[in-house]
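Peer 1: Chains as they are written, first to last, in the numbering used here: chain A, 1 to 424; chain B, 1 to 424.
For the record, the hints were derived by calculation from the structure and aren't laboratory data.
Treat identical chains as interchangeable: a pair holds within one or across any two.
In the DSSO-like style, the derived pairs of lysine-lysine whose C-alpha atoms are separated by at most 27 Å in a straight line are: (1) K99 / K397; (2) K198 / K99; (3) K397 / K362; (4) K271 / K198.
Protein chains: 2
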Amino acid sequence: MIKLPILVAKNATKGGTSVPLESEPMSLRFEISATNDRSRRGRLLTPHGPVQTPVFMPVGTQATVKAVSQDMLEELGVELLLGNTYHLYLRPGVGQIRKLGGVHRFMGWPHAILTDSGGFQVFSLSDLRKVTEDGVSFRSHLDGTTHFLSPEGTTEAQIGLGADVIMAFDECTEYPADEQRARASMELTLRWAERCKKYFEEHKEERPWISCQPSALSHQSDCRSLDFPDESANRFFSSARDDRASTATLTGKAQALFGIVQGGMDHALRKESAERTIEIGFDGYAIGGLSVGEPRAVTREIVESTLEHLPKDKPCYLMGVGTPEEIVEYAKLGVDMMDCVLPTRAARHGLLFTSEGKISIKQARYAGDEAPLDLNCSCRTCRRYSRAYLRHLYASKEVLAQVLNTVHNLSFYLDTMRRVRHSI
Amino acid sequence: MIKLPILVAKNATKGGTSVPLESEPMSLRFEISATNDRSRRGRLLTPHGPVQTPVFMPVGTQATVKAVSQDMLEELGVELLLGNTYHLYLRPGVGQIRKLGGVHRFMGWPHAILTDSGGFQVFSLSDLRKVTEDGVSFRSHLDGTTHFLSPEGTTEAQIGLGADVIMAFDECTEYPADEQRARASMELTLRWAERCKKYFEEHKEERPWISCQPSALSHQSDCRSLDFPDESANRFFSSARDDRASTATLTGKAQALFGIVQGGMDHALRKESAERTIEIGFDGYAIGGLSVGEPRAVTREIVESTLEHLPKDKPCYLMGVGTPEEIVEYAKLGVDMMDCVLPTRAARHGLLFTSEGKISIKQARYAGDEAPLDLNCSCRTCRRYSRAYLRHLYASKEVLAQVLNTVHNLSFYLDTMRRVRHSI
Numbered sequence: 001m002i003k004l005p006i007l008v009a010k011n012a013t014k015g016g017t018s019v020p021l022e023s024e025p026m027s028l029r030f031e032i033s034a035t036n037d038r039s040r041r042g043r044l045l046t047p048h049g050p051v052q053t054p055v056f057m058p059v060g061t062q063a064t065v066k067a068v069s070q071d072m073l074e075e076l077g078v079e080l081l082l083g084n085t086y087h088l089y090l091r092p093g094v095g096q097i098r099k100l101g102g103v104h105r106f107m108g109w110p111h112a113i114l115t116d117s118g119g120f121q122v123f124s125l126s127d128l129r130k131v132t133e134d135g136v137s138f139r140s141h142l143d144g145t146t147h148f149l150s151p152e153g154t155t156e157a158q159i160g161l162g163a164d165v166i167m168a169f170d171e172c173t174e175y176p177a178d179e180q181r182a183r184a185s186m187e188l189t190l191r192w193a194e195r196c197k198k199y200f201e202e203h204k205e206e207r208p209w210i211s212c213q214p215s216a217l218s219h220q221s222d223c224r225s226l227d228f229p230d231e232s233a234n235r236f237f238s239s240a241r242d243d244r245a246s247t248a249t250l251t252g253k254a255q256a257l258f259g260i261v262q263g264g265m266d267h268a269l270r271k272e273s274a275e276r277t278i279e280i281g282f283d284g285y286a287i288g289g290l291s292v293g294e295p296r297a298v299t300r301e302i303v304e305s306t307l308e309h310l311p312k313d314k315p316c317y318l319m320g321v322g323t324p325e326e327i328v329e330y331a332k333l334g335v336d337m338m339d340c341v342l343p344t345r346a347a348r349h350g351l352l353f354t355s356e357g358k359i360s361i362k363q364a365r366y367a368g369d370e371a372p373l374d375l376n377c378s379c380r381t382c383r384r385y386s387r388a389y390l391r392h393l394y395a396s397k398e399v400l401a402q403v404l405n406t407v408h409n410l411s412f413y414l415d416t417m418r419r420v421r422h423s424i
Numbered sequence: 001m002i003k004l005p006i007l008v009a010k011n012a013t014k015g016g017t018s019v020p021l022e023s024e025p026m027s028l029r030f031e032i033s034a035t036n037d038r039s040r041r042g043r044l045l046t047p048h049g050p051v052q053t054p055v056f057m058p059v060g061t062q063a064t065v066k067a068v069s070q071d072m073l074e075e076l077g078v079e080l081l082l083g084n085t086y087h088l089y090l091r092p093g094v095g096q097i098r099k100l101g102g103v104h105r106f107m108g109w110p111h112a113i114l115t116d117s118g119g120f121q122v123f124s125l126s127d128l129r130k131v132t133e134d135g136v137s138f139r140s141h142l143d144g145t146t147h148f149l150s151p152e153g154t155t156e157a158q159i160g161l162g163a164d165v166i167m168a169f170d171e172c173t174e175y176p177a178d179e180q181r182a183r184a185s186m187e188l189t190l191r192w193a194e195r196c197k198k199y200f201e202e203h204k205e206e207r208p209w210i211s212c213q214p215s216a217l218s219h220q221s222d223c224r225s226l227d228f229p230d231e232s233a234n235r236f237f238s239s240a241r242d243d244r245a246s247t248a249t250l251t252g253k254a255q256a257l258f259g260i261v262q263g264g265m266d267h268a269l270r271k272e273s274a275e276r277t278i279e280i281g282f283d284g285y286a287i288g289g290l291s292v293g294e295p296r297a298v299t300r301e302i303v304e305s306t307l308e309h310l311p312k313d314k315p316c317y318l319m320g321v322g323t324p325e326e327i328v329e330y331a332k333l334g335v336d337m338m339d340c341v342l343p344t345r346a347a348r349h350g351l352l353f354t355s356e357g358k359i360s361i362k363q364a365r366y367a368g369d370e371a372p373l374d375l376n377c378s379c380r381t382c383r384r385y386s387r388a389y390l391r392h393l394y395a396s397k398e399v400l401a402q403v404l405n406t407v408h409n410l411s412f413y414l415d416t417m418r419r420v421r422h423s424i
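In isolation and in its complexed conformation, chain A is listed as follows (with noise of 0.2 Å):
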């Protein structure tokens, strides 16, 4: 086990604003408890509480899994969230969510979450953007009004959400793309990851949850009151563990920015951007640009190369992936974080991830069916239910439908998850 130092020297990163070590905030911690071949079991730390690690993050677009409460998530397991800056930033606005508190007290979650920095989404409005050196000019797709994010207004956007952990903006290079592209693409990422970093480490103070003044640290009960400061507050959080109140003292208040590596399908160009990116120096790095229509075995490649360039002692989070079978493969090549909307997507459209195999619950052949959906299942779902309530909720179109097949798939990512951390 390696025991990483709890306070990250920020000041030893390039480009990093030189802020004296004992006034600064503690950043995220990551320990490594145990390794298999490639493979590692771990903790990130984070202000909000532990997470086990390799994890699987569902995403809570618009500050809520759909169709899930919170209550289950926790049921579930679930330690770490994913929200959207993009849809966030659109509604109810960060402006809104950062009067509140932050995300985590606005959607009741008083544990960890992670944002991306809109940039994917962004980029997935083909029609309605444009990127140039200082960023991205889009149109809302909820009701076309433009708006313009750059490197420096995601982070503050992502500053205000108050995340655990926030991304760095990027550009996800688009595939095909030829070698010229890709590196264009990859420079102007490491230009606005720069900025990025420039940004956080001059605002960072400002997230929406006060921090702990180090002098504070030892007085775990005056950090939770300064930051849920009254008791009509309080009761949104009720169901917090205790184990994470206490880490909210060993890791202090401080959110996490992570890097993101791009370089197409490159090898090279991927080594260069881990390189680089490591140079400006980040709390975590992430693999992005991958699971954007390329064949399966050329994510894997570019996964694992990519892997051999990033640090040891840094989480690594590779974005967007996968289907059951593919995060086990990542976990077990090294990556320690994951989302993805497959899980919960694929539930509302009746598609069931199980021990033995996909089920499409609207098939006929379930009408009848009495068993539950996975005999080697305990979640709330199998517990209770058989296939043929199933088929008639998502038949008749009902609500309880996408509820039970979304804390089913969940259950099942996040008990693969955990059978992979007990096989590290």
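Got chain A; can you put chain B on it based on the hints?
Peer 2: Frame of chain A; chain B shown alone:
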């Protein structure tokens, strides 16, 4: 406290088929534990557990209370659900549910269920239906196919679904209706009531769950194992409470059939309808044909005058009522059971009931409101989320809005009824 005999002497009622008392499964038992003026507090002992009265029944149209899982209904303290025969008849079909062991097992709800006769839904189809002496022919709202529901047909359907309490097929007289029309409609309902009773007495042994034999009544575990023959089925019902299991022994395994009083807004016709319905003999009596557009004062008068003519030792069910104020009012008049789609439907439209009045959560004024929906409510929604968050979910058309809003409104209705019971 009035104690009624455990075995209801069905063979004493006029027109009932004569079944020897000792071989007949026991019917619904109704215990009144306290009275206060005209109101009464009691327990309905059904084959699937006791129900405290006065009771408000959430509506589970398609074998689901829209957006709310059965676990959450249990947590809210729901003891009796209403299912709609019309909807289940069309989808997934009575045969399917019968094959799957009945509606309790189908929907994973081991507690009490009441089904309506489908009459009200069919009459609501206006252009799509035709009433004759024999029954009602109608076209499905789903696919336009033609169907025919008769008193015998709907009773057969309800025996197939296997709810604890089933309803006679009635004609819901439209409003306004003159004396002649109201009488003709009432007479038709009475003729249909006799046909329902006759069919029920001849076929009630055909319910999908197997009856405990009287000789086995003391062997509780045997009764349950007959009903849930294997372990994999039992896992669907693991949450059944022990006190409910013991009730199964006490009350036996018979379905109960309720008659419905009609007669428009005419006091004399209501009296006559009540008396002649009682003469046919039912396990309980419902007041139908109200909340069809008449002024609220008229509804109240009709309820009050009809109640005078109903037997004091049988449960009285006022159908399709009402607002929170109304359910309190009618419980005080002596009504034991009520149902209404209002709390669930209003919730899905963002209309929420609180101790300080109604709230339309879509309003912009709640966008920054950190308070819980109702400070006096301890439901899952009020314990954890702010009005600002609920407003965001609603504005974003998130499914979780339906879930959380429905949980709250049902909690408000059930709390209201709990307070009424405590006040008696």
